[in-house]
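Engineer: As a plain string of letters, each chain reads:
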Amino acid sequence: MDVAIIGIGLHRFGRSPDMTGMQQGASAVRAALTDAGLSWQDMQFAYGGSQDAGNADALVNELGLTGLQFTNIWNGCATGGSSLHAAYSAIKSGEYDVGVVVGFDKHPRGAFNPQPKEWGLDDWYGETGLMLTTQFFALKTQRYMHDHGITEDALIRVSEKAFNNGSLTPTAWRQQAFSYEEIANSAMVSHPLRKYMFCSPAEGGAALIICNADKAHQYSTNPLFLKAAAVRTRHYGSFEVFAPSQAMTVADAPTVTASNAAFEVAGIGPEDIDVIQLQDTDSGTEIMHMAENGFCDHGEQEKLLREGATGINGRMPINTDGGCLANGEPVGASGLRQVYEVCVQLRGEGGARQVPNQPKVGYTHVYGAPGISGVNIITK
Amino acid sequence: MSQHVPMHEGLFTWPSRKPQLLGSRCNQCSEASFPAQPDCRNCGSRDTDIVELGDRGTLWTWTIQTFMPKQPYHSDETAETFRPYGVGYVEMPGGVRVEARLQANSPEDLQIGMPMQLDIIPFRTEENGEQKMTFSFSPVMET
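Chains A and B are the protein sequences, given in the same order. Quick note: the first sequence, position 45, residue 45 per our numbering, numbers continuous. Here our numbering runs 1000 ahead of the position in the second sequence, where the first position is 1.
Source of the hints: derived by calculation from the structure; they are not laboratory data. Mixed in with the good hints there might be a few duds.
The calculated lysine-lysine pairs, modelled on DSS-like cross-linking and capped at a C-alpha distance of 30 Å, are [claimed, not checked]:
#: 1; chain 1: B; residue 1: K1070; chain 2: A; residue 2: K195
#: 2; chain 1: B; residue 1: K1070; chain 2: A; residue 2: K117
#: 3; chain 1: A; residue 1: K380; chain 2: A; residue 2: K215
#: 4; chain 1: A; residue 1: K92; chain 2: A; residue 2: K380
#: 5; chain 1: A; residue 1: K195; chain 2: A; residue 2: K303
The whole structure should be built from the sequences, with the hints applied where relevant.
Structural biologist: Written out as structure tokens, the structure reads:
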């Protein structure tokens, strides 16, 4: 049984000072329902998640107490990917025909401050200043650059592309393009990553209406199809966030295993993808995720970025809406924002940021602590 | 005289003239872990022993923490007195890479592959006067 996406909704990422995170989630659900031409009463099930803005199932207070099955999902920054995977499985099982996936959040300003106990770690790890996601991505990027001959040029070009794409995206939080020099001269935050190479915690909501593909045309004239959804956790030996130590042996990252699983289910390969969303909490991770998702070899990224291959008009457009760098990261919503953008592109509704030549196959990848990846493949 | 107490029991030998990092090693698959844990994260065995991981290693990767982290960070510093600190993973002869604060905090002083040595340093002072000690690494000075 196939799974279709028949409605997409976004509550603009950034800051909505007059709204709670939950209200932003409800706003995204209403937008997705309107897009699908359905009502909340039509929804048979929901999966949703948020880190800092409350239990997703409390959304029924805003949307209606209809008695539907509503399950909360929490998988770190991969929450959106995990919520969509759960909904995909619910449709695949045949139990339900139509439901909603929602993510939302509203974070305080500044870097995230995760608590050791919530991740199975002792207090000393956080108290002594070792438990920061920014640090981890810098540490992984530093080693990756050393191993694969990547230079700062590539880090700058990822950010340059992200903010350029953001400037073309009416819903993006950051709408200002930055020059190469502005990025290169921005303050060093966590060596080798500078200020304009990191995304910020933000606010926003995203929602999708999904259904049994056999019934998609009853609801929609332009359904898209979720060909694969895969979520994987880390193996022993992969270098992941919140790890007081790591093994000397080397294993594939969860991104590699999730990506392989999704491609296998979809029966296609990286060369078949027309538009791509990769987790880019910082410019280093986009570079590493390009290879971990199979879109290039390790070390090839520098050349691809110089050629503009990952730009909107390139042969592998990545993060066409500016990704996390230009949209910020409301954790619960972020993975679903990626799917939203791929759907916009496949529908041909990207406006100034539309990928040319009518893209037919899209790919999304989200990564979260402490080493979880979710991959989706979406087709026309 | 103030009392020197580890941030957490079992991270390193203490008190000691020549402190060693402590970890665990699995008796089934021989893999090591830091900090010590009763179960093996490689094979799932519960047959592990606490072992010394050594006091010297090689820098595997590094960064510099330039801003003062929010809570749960808990040092004696204020926004005014905060000093950037290095963070790295150090490959230990015991067969595991350990994340640690680094005494060096300038990119010129840090290089992947450089030899590093363990230092047990005072991290903060408690209200009762106790000094909480933590582990850190610094580049090995050639003599």
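Engineer: Would the hint linking B:K1070 and A:K195 be met if the CA-CA limit is 30 Å?
Structural biologist: Holds: B:K1070 and A:K195 sit about 17 Å apart, inside 30 Å.
Engineer: Holds or violated: A:K195 and A:K303, Cα atoms, limit 30 Å.
Structural biologist: holds (23 Å)
Engineer: Holds or violated: are the alpha carbons of A:K92 and A:K380 at most 30 Å from each other?
Structural biologist: Holds, at roughly 18 Å.
Engineer: Against the 30 Å threshold, does the CA-CA distance of A:K380 and A:K215 hold or violate the hint?
Structural biologist: Holds, because 15 Å separates the two Cα atoms, which is no more than 30 Å.
Engineer: Could you grab the alpha-carbon distance between B:K1070 and A:K117 and see if it respects the 30 Å cut-off?
Structural biologist: holds (16 Å)
Hint violations for this structure: none, all hints satisfied.
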